[in-house]
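Using the sequences and the accompanying hints, generate a full structural model.
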Amino acid sequence: DAEITQSPRHKITETGRQVTLACHQTWNHNNMFWYRQDLGHGLRLIHYSYGVQDTNKGEVSDGYSVSRSNTEDLPLTLESAASSQTSVYFCASSLGGANSPLHFGNGTRLTVT
Amino acid sequence: KQEVTQIPAALSVPEGENLVLNCSFTDSAIYNLQWFRQDPGKGLTSLLLIQSSQREQTSGRLNASLDKSSGRSTLYIAASQPGDSATYLCAVRPRGTSGSRLTFGEGTQLTVNP
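Chains as they are written, first to last, in our numbering: chain P, 1 to 113; chain U, 1 to 114.
Hints listed in this document are in silico derivations from the structure and should not be mistaken for laboratory results.
Ideal placement from N, C-alpha and C gives every residue a C-beta, glycine not left out.
Some hints could be false.
As the list claims (entries may be wrong) - If you only want the chain U side, here are some residues facing chain P, beta carbon under 7 Å, derived: (1) K42; (2) G43; (3) L49; (4) Q51; (5) Q54; (6) S59; (7) L62; (8) Y76; (9) F104; (10) E106.
As the list claims (entries may be wrong) - Heads up, simulated PhoX-like pairs for lysine-lysine below, C-alpha to C-alpha not over 25 Å straight-line: (11) P:K11 x U:K42; (12) P:K57 x U:K1; (13) U:K1 x U:K68; (14) P:K57 x P:K11.
Shown next as structure tokens:
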């Protein structure tokens, strides 16, 4: 079955370090998204991509970057980790089109100390 | 700016009860509304997607309705089971956005007691 795999599942890092979270999907979807989930804020969009070499900022993109070199992967990089970036991060994908459902990975829990 | 609200934040019911979860949104200009289920420590699983031209969608014991003009959706769960215990989130895709950019509610945490 097609799926979205996120790694690692848990990560602890120190303030100021660069961190990369991996996302790999086997749906062959064009669209990929990164969200963070926090109590009191729900799910918020960080970055998204509509295809290879395409990346766009979401509503909370400061301090994060992504790159899309192939269809399957959209790694999320925290340039210099901050305590405010402690969160659960979800990668998602969709085929495209107005009514394509969104499929999610199981998330990465990141703690910045 | 589109805002999505889910009330109540938590709900506890006995097994076998029929229940309704509510979702409201502020801007009726949407492509669709999607209901998700989230289990602890897991990602979101898509349950139902209602297009803006539709009034309802059904999947097994789940029925979702959409009243776009009033900015409301409900998720009806029939004959609830302990395995239905999870957080249920709704999300809308506003018109004017491309891809599948969604605006999420914060969810209703459902507990079904045996």
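These are the hints, each one checked on the structure:
The beta carbon of K42 (chain U) is positioned within 7 Å of a beta carbon in chain P (closest approach about 5 Å), and the interface hint is therefore held. Proximity of G43 (chain U) to chain P holds as hinted, the smallest CB-CB distance being about 4 Å (cut-off 7 Å). Given the 7 Å rule on beta carbons, the hint for L49 (chain U) holds: about 5 Å separates it from the nearest Cβ of chain P. Because the closest C-beta pair between Q51 (chain U) and chain P is about 5 Å apart, less than 7 Å, the hint holds.
A distance limit of 7 Å between C-beta atoms decides the matter here; for Q54 (chain U) the minimum to chain P is near 10 Å, and the interface restraint is violated. Below 7 Å, beta-carbon pairs count as interface contacts, and S59 (chain U) has none with chain P, the closest being about 12 Å; its hint is therefore violated. This hint is violated: L62 (chain U) has a C-beta 14 Å from the nearest C-beta of chain P, more than the 7 Å allowed. The beta carbon of Y76 (chain U) is not positioned within 7 Å of any beta carbon in chain P (closest approach about 19 Å), and the interface hint is therefore violated.
Hint on F104 (chain U) holds. Least Cβ distance to chain P is approximately 4 Å, under the 7 Å limit. Taking 7 Å as the C-beta contact cut-off toward chain P, the hint placing E106 (chain U) at the interface holds, the least distance being around 4 Å. For the given pair, K11 (chain P) sits about 16 Å from K42 (chain U) by alpha-carbon distance, which is consistent with the 25 Å threshold. Straight-line distance between C-alpha atoms of K57 (chain P) and K1 (chain U) comes to about 17 Å, which keeps the hinted pair within the 25 Å bound.
Between K1 (chain U) and K68 (chain U), the direct Cα distance comes to roughly 16 Å. Compliance with the 25 Å bound is thereby established for this hinted pair. A C-alpha spacing of about 24 Å is found between K57 (chain P) and K11 (chain P), which places the hinted pair at or below 25 Å, so the restraint holds.
Taken one by one, the earlier hints fail for this structure at numbers 5, 6, 7 and 8, listed in ascending order.
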